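Fit chain B to the supplied structure of chain F, relying on the hints for placement.
2 protein chains.
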Amino acid sequence: MSKEVNVLEKEFLDYIKKMQAYEEALALIYWDLRTGAPKNGVEQRSKVIGVLSSEAFQMSTSEEMAKFINELSERTEELSEVAKLSLEECKKNYEKNKKIPAKEYEEYVILQANAESVWEEARAKADFNMFQPYLEKLVAFNKKFISYWGYKENKYNTLLDMYEPGVTVDIIDKVFGELKDVIVPLVKKISEAEQPQTDFLFQPFPVEQQKAFSHEILKQMGYDFNSGRLDTTVHPFAIGINPGDVRITTRYDENDWRTSVFGTIHEGGHALYEQNISKDLVGTPLCTGTSMGIHESQSLFYENILARDLAFWEKNYDVLKKYASGQFDHVSLEDFYRSINEAKPSLIRIEADDLTYALHIIIRYEIEKALFNDEVEVSELPEVWNRKYEEYLGIRPENDGEGVLQDVHWAGGSFGYFPSYALGYMYAAQLKNAMLKDLPNYEELLRNGELLPIKEWLTTHVHQYGKTKKPLEILESATGEGLNAKYLGNYLTEKFSKVYNL
Amino acid sequence: MSKEVNVLEKEFLDYIKKMQAYEEALALIYWDLRTGAPKNGVEQRSKVIGVLSSEAFQMSTSEEMAKFINELSERTEELSEVAKLSLEECKKNYEKNKKIPAKEYEEYVILQANAESVWEEARAKADFNMFQPYLEKLVAFNKKFISYWGYKENKYNTLLDMYEPGVTVDIIDKVFGELKDVIVPLVKKISEAEQPQTDFLFQPFPVEQQKAFSHEILKQMGYDFNSGRLDTTVHPFAIGINPGDVRITTRYDENDWRTSVFGTIHEGGHALYEQNISKDLVGTPLCTGTSMGIHESQSLFYENILARDLAFWEKNYDVLKKYASGQFDHVSLEDFYRSINEAKPSLIRIEADDLTYALHIIIRYEIEKALFNDEVEVSELPEVWNRKYEEYLGIRPENDGEGVLQDVHWAGGSFGYFPSYALGYMYAAQLKNAMLKDLPNYEELLRNGELLPIKEWLTTHVHQYGKTKKPLEILESATGEGLNAKYLGNYLTEKFSKVYNL
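Protein chains in written order, with our numbering: chain F, 1 to 502; chain B, 1001 to 1502.
Keep in mind that the hints were calculated from the coordinates and are not lab data.
Since we're looking at a predicted model, the values are computed, not measured.
Hints are not guaranteed to be accurate.
To be verified - Listed next, the in silico SDA-like pairs over lysine to any residue satisfying Cα-Cα at most 20 Å (straight line): (1) B/1017 / F/43; (2) F/17 / B/1056; (3) B/1219 / B/1318; (4) F/39 / B/1050; (5) F/279 / B/1050; (6) B/1010 / F/107; (7) F/47 / F/118; (8) F/47 / B/1059.
Looking at chain F on its own, in the form it has when it is part of the complex:
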């Protein structure tokens, strides 16, 4: 007595629409918590988050969901494309969530929370021993999860797949290797070259003026203020609540305008992605960026490739001067351009420049891969970390606070996440290369502040698809080939040869 497939499809779509409604309410709550929700209301708000997220979670693992998956999976050829792909997404989540015993998952969630607060203290005290037992447990849990979920070829692939579906250790080993071969010698050359002047960057630049300039650049990029807003927070972020409501935040440093301006452009890149997802996907789990890496490709394309291009500033340097209080009056465009592209090895990932950043990521990738293949123990991490920094960047942390303890990711159990940052940068350079074929006047567009054709190209090839295509599908259909590290390698070589007159 099975239902007509179209009736069942309709029921399934209604069901996921409801789940997405909870997710949307949660997204708004998160945005609010980070942009000024009164602190005394937070405790009760957390309970609301608990109710809504457990409702959404239960729906994702319910018997009703199981029924949809069972009955519709056999007849996918009769389903609409959106229903079919949504079903796949739901199935993936269902299996992922169902395979972990509830009790174990609960323990893990508690461990995560404790680990994060211990990590915070350990980092402040630069005391790895304090954090080590927690990290060991987190790794052990994740190894067990991998055993539940299964893996192909390499255990670490299962973790990578959560952030960058389809991208494997084989692929990353190859591209990160090639990248390292370009960046490590480049970093060495640069450190011996004449350094750009940068002192003029750090003059007081009134916050309101920084804000006005950021607004102007966002508009130039094609960020739609009728589908978003810009607020101030300590930790900047972009959040897609729905495609008509994609908000970004930034922070302002009066003595370093780059924080807000490049930060806003970065979040703006994320936001353009979420604003331009096809409206057909609203109310489904497909209505979001397809992966961390593709998301990062959008933010890094705008922040690094576009907004650190000389042509971009041929248009915008005068605009910037208009908002600034005279700090650039005696600085040539060339010197300005060199200053915002300064690169030098440093210890802290989130403060790294655009050239050395990938090395920070590669180090983390190599460590995670070794960890999950039992080639290194948690207790050895500080030493391994420091050795790699010395080898790749030529500098060595003086303590674990500025070394292995610097990132929150592992404390939150997010293994497999880091590679996405560098993958995103590679995607960005590869997409730029493909874009140039369709927009041979790219530089001229930048010079004229005509950034809309660029956004449109990205919408056509990336944004619109949401999660209906996997990362490498996006890349391949946009660029005609698989992931290729040479584009980022070439981009970095050309760029920094120019900046440093190599």
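Frame of chain F, contents of chain B only:
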């Protein structure tokens, strides 16, 4: 095989906690929609509202709810006070919602939406004929609802009870009658007296300075900025999302600082109520103001009784001058005091002063009562309206746009709502009178800007109870007597005799 009552009570409390979680998410969504949500996201957000509110509604009328009501109602003496009162509240809603056939209610909701948009156009065109058929249907629906719900003594009582439980036509007839007997002659006398000078009020007062002054006053009142925030909107409001998160908004008119300052104080009065509800009630339907009228008593107490008192300005006039740009430099405190208490008859309720406001309400009450007792037809309303304005206020609308069409309430089907405004004012005056017995130094407190004991008195006698006491119970336990119009009558007589040197 009935469950232990304590198990069932726990299940019931969890159940209503979940309902309240949906309500809290909805409250945040409403706040966000009114304070700058991007317009392109609204359509999808409305669907989220639909999902969450229908979920909450279904829970309020579900079989599970029926089971709780049936099984727990018989054993209320075994329940905690909070559970018992929550159950009563749920039962009341259950019965109210269950008695209307679903299909009829659906039709009514659609009618409301259409009526509001027609009303908007009709008001703009001052065309009552356009709106009349919609109003007729709205009245007819409400009459039918009354027949489903039943009534005691007067059909209109059923509508009153939705906004002001326990307050009946008998009570209102008496107090409104007494009030009218005081206000109508007072208005007449005042119109013949020397008018206060007011021109100095309408000078440019920078918005940022108005904001800073409003902040200072809110702090003086005891509004807790760790449990709230102040934003800007076209239509000011206060919203209790939870007691630790009670937000207010205001609007700024550069040429009339009174809009923001008295508006903020008004909303601040509402907010103090919601901020100081007992934490024991969080997560239950009792965690909100007990009625429209009691809520309004708090806002009107602060806005009119406290913040238009001479003693209040003995402290704050100098503060105001500090923020203003010289407009009060040559204005004595006495003249200032008279200017902010100017009273004269006008046609539009929301622009009315503190003396004549009650007359606007009395007119609406008399009309609604007549409507639901079949003593007047919808078609006759414009004429009835205009006649009453002439009789009570001495002025007659020139068209229905500034007459019977001015308020949105009827277009939204909110019959029985209006009386709360004037009841609130009466409650406020009566509460003030009782407060004086405990705080004989009330005026001195105002003179010193020490408003916290006043807030504490209100918390002790009103705020903390949330919805655990009915409006008249609050009033009686705080003041030792039932609703008595003489307090407001005396207050208005004394106040305006002083202002107008009668």
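Outcome of the hint check:
Among the hinted pairs, residue 1017 of chain B with residue 43 of chain F is consistent with the structure: their alpha-carbon atoms are about 14 Å apart, no more than 20 Å. Between residue 17 of chain F and residue 1056 of chain B, the direct Cα distance comes to roughly 17 Å. Compliance with the 20 Å bound is thereby established for this hinted pair. Distance restraint check for residue 1219 of chain B and residue 1318 of chain B: the Cα-Cα separation of roughly 17 Å lies within the 20 Å cut-off, and the hinted pair is therefore satisfied. Between residue 39 of chain F and residue 1050 of chain B the alpha-carbon distance is near 28 Å, which puts this suggested pair outside the 20 Å criterion.
Taken as a hint, the residue 279 of chain F and residue 1050 of chain B pair is honoured in the structure, with Cα atoms around 19 Å apart against an allowance of 20 Å. In summary, the hint linking residue 1010 of chain B to residue 107 of chain F is not supported, as the alpha carbons are separated by about 25 Å, beyond the 20 Å threshold. Taking the CA atoms of residue 47 of chain F and residue 118 of chain F, the gap is near 23 Å; set against the 20 Å cutoff, the hint is violated. About 18 Å separates the Cα atoms of residue 47 of chain F and residue 1059 of chain B, which keeps this hinted pair within 20 Å; it holds.
The structure fails to meet hints 4, 6 and 7 from the earlier list, while all remaining hints are met.
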